[in-house]
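Undergrad: For the protein sequence lines, the chains are B and Z, in the order given. In my numbering, each residue's number is its place in the first sequence (first place is 1) plus 363. In my numbering, each residue's number is its place in the second sequence (first place is 1) plus 80.
Don't take every hint at face value.
Taking beta-carbon pairs under 10 Å as the criterion, some of the chain Z residues facing chain B (in silico) [unchecked claim]:
1. 94
2. 96
3. 136
4. 140
5. 167
6. 183
7. 188
8. 189
9. 196
10. 198
11. 199
12. 200
13. 248
Straight-line C-alpha distance at most 30 Å; calculated BS3-like pairs for lysine-lysine [claimed, not checked]:
14. 269/Z - 103/Z
15. 234/Z - 676/B
16. 275/Z - 248/Z
17. 371/B - 676/B
18. 201/Z - 248/Z
19. 201/Z - 371/B
Just so you know, the hints here were simulated from the structure itself, not pulled from any lab data. Yeah, the Cβ is synthetic: ideal placement off N, Cα and C, and Gly gets one too.
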Amino acid sequence: MNGIFTRKTAIVAAVGLLFALLPPLAAALGQEYLVSLFTRIVIYAIAAVSLDLLIGYAGLISLGHAAFVGLGAYAVGILYQHSFQDLPLFGIFPGSENALVVWPLAVLAAAVFALVIGSLCLRTSGMHFIMITLAFAQMLYYLFVGLEAYGGDDGLSLSSRNTLPLLDLGGDNQFYYLCLFLLAAYLLFAHRLVHSRFGLVIRGASSNNRRIQAIGIHSTRYRLVLFAIAGAGGGLAGVLLANHSEFVSPGLLNWTLSGELMVMVLLGGLGTLFGPVLGAAIFLLLEEVLAMYTEHWMVYLGPFLVIVVIFAKHGLFGLLAGSRNND
Amino acid sequence: MTDSILQVRDLCKSYGAVMASRKLCLDIRRGDVHALIGPNGAGKTTAVNQLSGDTLPDSGSIVFDGSEISRLPAYRRARLGLARSFQITSIFEDLTVAENLALAIIARTGHNFRFWRNGLKTPLVAQELPEALLRVDLDRQADLPARHLSHGEKRQLEVGMALTGRPKLLLLDEPMAGMGPGGTVEMAKLIRRLKGEITILLVEHDMEAVFSLADRISVLVYGECVANGTPDEIRSNPTVRTAYLGDD
Numbered sequence: 364m365n366g367i368f369t370r371k372t373a374i375v376a377a378v379g380l381l382f383a384l385l386p387p388l389a390a391a392l393g394q395e396y397l398v399s400l401f402t403r404i405v406i407y408a409i410a411a412v413s414l415d416l417l418i419g420y421a422g423l424i425s426l427g428h429a430a431f432v433g434l435g436a437y438a439v440g441i442l443y444q445h446s447f448q449d450l451p452l453f454g455i456f457p458g459s460e461n462a463l464v465v466w467p468l469a470v471l472a473a474a475v476f477a478l479v480i481g482s483l484c485l486r487t488s489g490m491h492f493i494m495i496t497l498a499f500a501q502m503l504y505y506l507f508v509g510l511e512a513y514g515g516d517d518g519l520s521l522s523s524r525n526t527l528p529l530l531d532l533g534g535d536n537q538f539y540y541l542c543l544f545l546l547a548a549y550l551l552f553a554h555r556l557v558h559s560r561f562g563l564v565i566r567g568a569s570s571n572n573r574r575i576q577a578i579g580i581h582s583t584r585y586r587l588v589l590f591a592i593a594g595a596g597g598g599l600a601g602v603l604l605a606n607h608s609e610f611v612s613p614g615l616l617n618w619t620l621s622g623e624l625m626v627m628v629l630l631g632g633l634g635t636l637f638g639p640v641l642g643a644a645i646f647l648l649l650e651e652v653l654a655m656y657t658e659h660w661m662v663y664l665g666p667f668l669v670i671v672v673i674f675a676k677h678g679l680f681g682l683l684a685g686s687r688n689n690d
Numbered sequence: 081m082t083d084s085i086l087q088v089r090d091l092c093k094s095y096g097a098v099m100a101s102r103k104l105c106l107d108i109r110r111g112d113v114h115a116l117i118g119p120n121g122a123g124k125t126t127a128v129n130q131l132s133g134d135t136l137p138d139s140g141s142i143v144f145d146g147s148e149i150s151r152l153p154a155y156r157r158a159r160l161g162l163a164r165s166f167q168i169t170s171i172f173e174d175l176t177v178a179e180n181l182a183l184a185i186i187a188r189t190g191h192n193f194r195f196w197r198n199g200l201k202t203p204l205v206a207q208e209l210p211e212a213l214l215r216v217d218l219d220r221q222a223d224l225p226a227r228h229l230s231h232g233e234k235r236q237l238e239v240g241m242a243l244t245g246r247p248k249l250l251l252l253d254e255p256m257a258g259m260g261p262g263g264t265v266e267m268a269k270l271i272r273r274l275k276g277e278i279t280i281l282l283v284e285h286d287m288e289a290v291f292s293l294a295d296r297i298s299v300l301v302y303g304e305c306v307a308n309g310t311p312d313e314i315r316s317n318p319t320v321r322t323a324y325l326g327d328d
């Protein structure tokens, strides 16, 4: 609104540049493991941004976002296993390792699952919404814990990443840049989304749902579509996580991941799109650093989170950029 | 009866033992400013909520512009051309003034599953927004979050949003409540300007305003309509005098 050179754009540009230059930087420092760490940051950022669409923009406090992440990851794992063992899924679908097939399918599965549980969850609001989203996610968690065909408790190991023409996803740098590109694309999409007509309706319904009905808009349908869009974002993050670690486990469906994503959103800045990216970075970097000193690193993260939540309404991003602009 | 835009017949609504609407009947003629008055607790707001669809009646019928609406949800009634303001100002506090009005503009298009183009720049909004801002005198505050407006300005914005939907009938629930004398005058001016263009049902405590603005007045006592008529008829109606205007 007030020109290109605001503190906000400066921060986004600086962080963006850091992300873009990370692989050569890491190589120069001789710290190649940083690429892997930042890949995780970028992937978690996608999940956190998609969760923030729900919490920060639609006022829908979902505590079941891990369900979408886990579903995306399991779609990759299951299709990989069927392809690997040459055993058709449901007797017809042969399974696949091709990212062009698997990834859209996985994201679609997450979005469809979001549509289904969303149509039930969105009948409730407030505390009930939190609990019912949590309940659905936990149901999925226990389903996969019990699913021995796909590893049950132990999860599934992939012996390689999915394949993509022209790119070698097995190469850490190439995979990192692909993740970064997808994060940027999702951010751009989300940015357009929250300012579009659809976004106006979503934010309006969050601000005053009675008023939006009174001017003639049935907000539930919009919320449901947003729920699916956020679910797809979670699914995409799951797809990338599965490929990154070449491992899928029920832990990706557990509520602890939902909670961590929520912490990232709150740390970085609720209702800002770039905030969750910062939140994911800070959360995972703190974890990395603190875990070197103590396994009880959460003891330090907790008070830090409390301070941020009390003193910065729009999180660290709001604090850095000035909380007047929230996107 | 052909020129009546709203016909309410035998509307009943009770909350436990309290009957907030008791076989309420009401006719509003097209183009009128129709005032609904009555002592506190007479069921005025309950009546308006049933008309707008925020509350569903227990029984009775509401015919608006030829169609029965008493069972429709609020958003469907709004699309038929029924707009309202709330007793306690109800706007989108977290959105800017321009976004508030833009929402009201796009609300009547039926669906807004448009994910990419900036909502404020869609042709429909770009075309109507400047005028909508001017009409409520808020063009200079367009980019301000609505929560930063003064109480009077919020009130104006709310009425502006209701008007932007090009309603056939506007329900104003105590639009002057909590406004200073200046605000009351402004609101009266706005209503007078709308007179003839839009049919208005006005619930208001400010008797001076009611008697100067209204074409017809209905008096509600204990959920029942005890009198209908022009301001002069109401002023001289003995039932009304004892029930409401009292020692006047």
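Undergrad: Do the numbers back the hint for residue 96/Z, that is, is its least Cβ distance to chain B under 10 Å?
TA: 23 Å, violated
Undergrad: Given residue 183/Z as an interface hint, is the shortest Cβ-Cβ distance to chain B below 10 Å?
TA: 5 Å, holds
Undergrad: Holds or violated: is the Cβ of residue 200/Z closer than 10 Å to a Cβ in chain B?
TA: At 8 Å from the nearest chain B Cβ, residue 200/Z passes the 10 Å test, so the hint holds.
Undergrad: Does residue 196/Z hold up as a contact with chain B if the rule is Cβ-Cβ below 10 Å?
TA: With a minimum Cβ separation of about 5 Å from chain B (threshold 10 Å), the hint on residue 196/Z holds.
Undergrad: Residue 275/Z and residue 248/Z: Cα distance at most 30 Å?
TA: It holds: about 12 Å lies between the C-alpha atoms, which stays within 30 Å.
Undergrad: Does the nearest C-beta of chain B fall within a distance shorter than 10 Å of the C-beta of residue 167/Z?
TA: Hint violated; residue 167/Z Cβ to chain B Cβ min 12 Å, cut 10 Å.
Undergrad: Holds or violated: residue 188/Z as interface residue toward chain B, Cβ cutoff 10 Å?
TA: Hint on residue 188/Z: holds, closest Cβ of chain B at ~6 Å, below 10 Å.
Undergrad: When you check the alpha-carbon spacing of residue 269/Z and residue 103/Z, does it fall within 30 Å?
TA: Violated - the C-alpha atoms of residue 103/Z and residue 269/Z are around 34 Å apart, more than 30 Å.
Undergrad: Is residue 371/B within 30 Å of residue 676/B, Cα to Cα?
TA: Measuring from Cα to Cα gives roughly 16 Å; hence the hint holds.
Undergrad: For residue 201/Z and residue 248/Z, compute the direct alpha-carbon distance and say whether it is at most 30 Å.
TA: Holds - the C-alpha atoms of residue 248/Z and residue 201/Z are around 27 Å apart, at most 30 Å.
Undergrad: With a cut-off of 10 Å on the beta carbons, see whether residue 136/Z makes it to chain B.
TA: 13 Å, violated
Undergrad: Any CB of chain B closer than 10 Å to the CB of residue 248/Z?
TA: 13 Å, violated
The structure shown violates the earlier hints numbered 1, 2, 3, 4, 5, 13 and 14.
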